[in-house]
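Here the protein sequences come in this chain order: A and B.
Following the working numbering, the numbering of the first sequence begins with 1 at its first residue and continues without gaps.
Following the working numbering, the numbering of the second sequence begins with 1001 at its first residue and continues without gaps.
Simulated from the structure, these hints should not be mistaken for laboratory data.
None of the hints are false.
Now the stretches of chain B that chain A is said to cover, found in silico as 3 or more residues with beta-carbon under 8 Å:
{"id": "1", "region": "1061 to 1074"}
{"id": "2", "region": "1077 to 1083"}
So these bits of chain B aren't anywhere near chain A, every CB distance computed over 10 Å:
{"id": "3", "residue": "E1002"}
{"id": "4", "residue": "K1003"}
{"id": "5", "residue": "V1004"}
{"id": "6", "residue": "A1006"}
{"id": "7", "residue": "G1007"}
{"id": "8", "residue": "H1011"}
{"id": "9", "residue": "G1016"}
{"id": "10", "residue": "S1039"}
{"id": "11", "residue": "S1041"}
{"id": "12", "residue": "Q1052"}
{"id": "13", "residue": "E1054"}
This structure is a prediction, so every number in the text was calculated from the model and none was measured.
Heads up, the beta-carbon is just placed ideally off N, CA and C, and yes, glycines get one too.
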Amino acid sequence: MKHLVILGAGTAGTMMANHLSHHLKRPEWRISIIDERTEHHYQPGYLFLPFDIYEPEDIIKSIDEFIPKTVDLIQASIDRVVPEENKVLMADGSVEVYDVLIVATGAKIAPEETEGMKGSEWHKSVFDFYTFEGALNLRNKLRDWKGGKLVVHITEMPIKCPVAPLEFAFLADSYFKNKHMRDKVEITYVTPLSGAFTKPKATATLEHLLEEKHINIEGDFAIEQVDNENKQIIDYGGRAIPFDILVTVPTNKGDAVIERSGMGDDLNYVPTHKATLQSKNHKNVFVLGDASNIPASKAGSVAHFEAEILTENILRYVKGEPLKEEFDGHANCFIETGGGKALLIDFNYTHEPVEGTFPFPGVGPLRLLKESRMNHMGKLAFRWVYWHMLLKGTHIPFVSPTMSTSGKKYDKAETV
Amino acid sequence: MEKVIAGKTIHVNEEGFMTDFKEWDNTIGEALAAENELSLSPRHWEVLTYLQNEWKNEVPLSIRKIGKSGVVDIKEFYQLFPKAPLKTATKIAGIPKPASCI
Ligand SMILES: Cc1cc2nc3c(=O)[nH]c(=O)nc-3n(C[C@H](O)[C@H](O)[C@H](O)COP(=O)(O)OP(=O)(O)OC[C@H]3O[C@@H](n4cnc5c(N)ncnc54)[C@H](O)[C@@H]3O)c2cc1C
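So here's chain A without its partners, still in its complex pose (with noise of 0.2 Å):
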């Protein structure tokens, strides 16, 4: 019996245990899927739990109602993978061989890596909302706040869901607003890249946003230390910024199994083929999800067409045809400004968010790149989604794994 080995059971391995379940059937094949945890977190949902719209039960599941009953899970600390050897070693000592190997262990925030930042002031006035932890002690914190400097922050990139921290600050300022304290708070957006976002048209947008909502933005900000002494934060030009919460989103890193195993670049990422998945280093090894290196956005809609596609090539694989080099980076992206409404974008590794209607050209419901309220019940929506058809490998129904240019307001066939 041959053996397919799946390391992670979050947002990208679940959906791979599902797909696969209906093609490598016993007795020709075993599925197993590895993880360290028993709860499966909505991390989508983080974003909402310091703002009281949604309770820790919203986010948290248990991770075997999304497994097949087909698959094995293995609830394991994977300790280090041997990959010329094709096998995985857990912490615990047990060792499985496989034939094919699917990588989906994530990435994680690595605070460790700014001096000071995970100093005395550690969630107690420096915050991360990227873990359960950091989003609930901010929400506890900013329940009886009264008011003072608000720095939203970025490390440096890439991070997981790159709008995430925008976000953050839109829905601060809603927050605020409605507890009647917008004046007493003051919110700084600081970021390492020169403007809000990374693409010129979304930028655009976003900074007009920003501007509305009386939201500073300082750019080209690469921090080097926390001051945990004088509240603020210090970058390598000197440039201070004070504040009284920070909310930082720290550098993002693979997991350190990935490390251990050598299998990673200076972020722990695999080096992965960005159209076909394969990693580059080992053909029966595959990448998906947060665990890449691939120049993709690291978001739970890219896994999502990512899966489908590398459902595909596995089984290729496995029958010993040619893979397709199908995947160009697709991510479709809700963004939530506050006030009831959201923004949408849809991308790839060629062309960058624009206007237009979406899925259906010209029709819509959903508008590009405008923020409106059919777009914030699309967001609240994406949790429904997430939980019953996302992690159960279902297709979505006119949305396409490769990404689709009719309907949208291109200048010119560009590429970014």
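Dock chain B with the ligand against chain A, hints included.
Below, chain B with the ligand without anything else, positioned relative to chain A:
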């Protein structure tokens, strides 16, 4: 768009980054530096040459990587090219602005 600098015509994008590295030479580098209120020392040139080589080898550039390169640490990189060093240095080096993220 076209731009005349140091008596030569070069092609640049809206942000002023050169779009064809073949048009770049040392005098253009010096003129671009002057536009950014910098005069280039041998240390500047070492860093610029390093950036150009990394780019030619298709290594994605980031402040983190440069800090760990052994060529220059981040502190000095900021002293050489103040404010937004990666942006300024790549502009002077005639290579594209690093797409550090998505
Ligand atoms: C605040 C926030 C907001 C976001 N908003 C959005 C959004 O609006 N839309 C969107 O599409 N995406 C969003 N994302 C991104 C999305 O959540 C991730 O891209 C997605 O979860 C990636 O899936 P993954 O399977 O690659 O990683 P994960 O879901 O993180 O799964 C990795 C799994 O591997 C396991 N694992 C890792 N190492 C080991 C080990 N050594 N041993 C055992 N198990 C291990 C972990 O326990 C985990 O279960 C957001 C993320 C955050 C943090």
